[in-house]
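Residue numbers (the working numbering), protein chains in the order written: chain A, 1 to 143; chain B, 1 to 123.
Source of the hints: derived by calculation from the structure; they are not laboratory data. One thing to keep in mind: the hints can contain errors.
To be verified - Quick list of in silico lysine-lysine cross-link-like pairs, DSSO-like style, CA-CA up to 27 Å: (1) Lys112(B) - Lys19(A); (2) Lys51(A) - Lys112(B); (3) Lys19(A) - Lys51(A).
Claimed, not checked - Stretch by stretch, here's where chain A covers chain B in the computed footprint (C-beta under 8 Å, at least three residues): (4) 48-60; (5) 94-100.
Note that CB positions come from ideal geometry on N, CA and C, so glycine has one too.
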Amino acid sequence: MGFPDRIERTVEIAHPPAKVWAALTTAEGLSAWFGQEAAIDLRPGGSAWMKWDSGHTADMRVERVEEPTVLGFTWRIFGLPEDDPRRTYVEFTLEPAGAGTRLTVIESGFAQLPEDVYRTAYDGNADGWRKELDELAGYLGAA
Amino acid sequence: MTSWLATSAPPDAEAIAERVFTALADPSRRAILAALASGGPATATDLAGRLPITRQAITKHLALLAGAGLVTAEPGERRRVRYRVRSAPMQVAQQFLAALARDWDGPLDALKDHLDRHARGSP
Numbered sequence: 001m002g003f004p005d006r007i008e009r010t011v012e013i014a015h016p017p018a019k020v021w022a023a024l025t026t027a028e029g030l031s032a033w034f035g036q037e038a039a040i041d042l043r044p045g046g047s048a049w050m051k052w053d054s055g056h057t058a059d060m061r062v063e064r065v066e067e068p069t070v071l072g073f074t075w076r077i078f079g080l081p082e083d084d085p086r087r088t089y090v091e092f093t094l095e096p097a098g099a100g101t102r103l104t105v106i107e108s109g110f111a112q113l114p115e116d117v118y119r120t121a122y123d124g125n126a127d128g129w130r131k132e133l134d135e136l137a138g139y140l141g142a143a
Numbered sequence: 001m002t003s004w005l006a007t008s009a010p011p012d013a014e015a016i017a018e019r020v021f022t023a024l025a026d027p028s029r030r031a032i033l034a035a036l037a038s039g040g041p042a043t044a045t046d047l048a049g050r051l052p053i054t055r056q057a058i059t060k061h062l063a064l065l066a067g068a069g070l071v072t073a074e075p076g077e078r079r080r081v082r083y084r085v086r087s088a089p090m091q092v093a094q095q096f097l098a099a100l101a102r103d104w105d106g107p108l109d110a111l112k113d114h115l116d117r118h119a120r121g122s123p
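The whole structure should be built from the sequences, with the hints applied where relevant.
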């Protein structure tokens with residue numbers, strides 16, 4: 001297995017694209033299946049967020065809106081510190097399949113390697129480092 | 001020892017991640033890294049004074065950590081060599097984990113359930 005830069009999943013859904021589109025692109029839809037609370041400004045450059053009861057929040061930036069076939073947004077890389085500037089890109093593609101929808105989600109950009117600028121910001125930053133170490137140790141402990 | 005650090009060719013991220021995971025699998029090595037991160041650069045002798053680990057064991061652990069790129073030795077005469085942490089390989093390893101940890105199967109199942117419920121609720 002190479003370094004995973006992207007995750008791709010395709011599912012067949014027994015509902016037409018318009019219904020799936022509404023579930024993906026409205027606050028009501030998103031909060032019903034993804035987050036527990038959600039808001040979305042559905043236009044390229046618009047912001048969106050989801051919140052969970054655990055206190056976790058996902059801040060998204062809408063990038064592509066082509067109703068009812070493509071929705072793209074970026075969000076922070078899971079597991080990295082709050083102030084980490086790197087983001088992954090998520091794109092949902094909806095295709096009619098019979099009476100239903102073939103929904104594909106591709107998340108890419110995991111392989112953004114640390115830039116020199118970024119490295120400088122972190123070296124000598126004991127707090128950032130400790131946080132990283134704790135998080136990674138947590139992952140290892142849970143594995 | 002740290003040949004991939006010295007070359008200009010892009011390092012193999014998966015190999016880096018593997019070395020980082022191996023290095024961090026040991027609690028003594030995690031303690032050494034934590035001590036260097038919180039207290040700043042230190043010699044093996046300094047670390048042996050602060051941690052319940054012998055100097056000899058610390059020297060071995062430091063060699064392995066240096067092999068993974070997680071610490072670098074500052075120039076100095078033997079026994080006075082100070083080690084400092086390098087977080088770059090950790091960031092590579094973290095992204096490797098992030099890719100594995102991102103779970104789309106759960107949310108996609110929830111989406112299907114939501115649409116099924118919604119369809120039943122509003123015929």
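Taking the hints in turn, this is what the structure says about them:
| no. | hint | in the structure |
| --- | --- | --- |
| 1 | Lys112(B) - Lys19(A) | holds (11 Å) |
| 2 | Lys51(A) - Lys112(B) | holds (20 Å) |
| 3 | Lys19(A) - Lys51(A) | holds (22 Å) |
| 4 | 48-60 | violated (count 0) |
| 5 | 94-100 | holds (count 7) |
Consistency note: the structure conflicts with earlier hint 4 alone.
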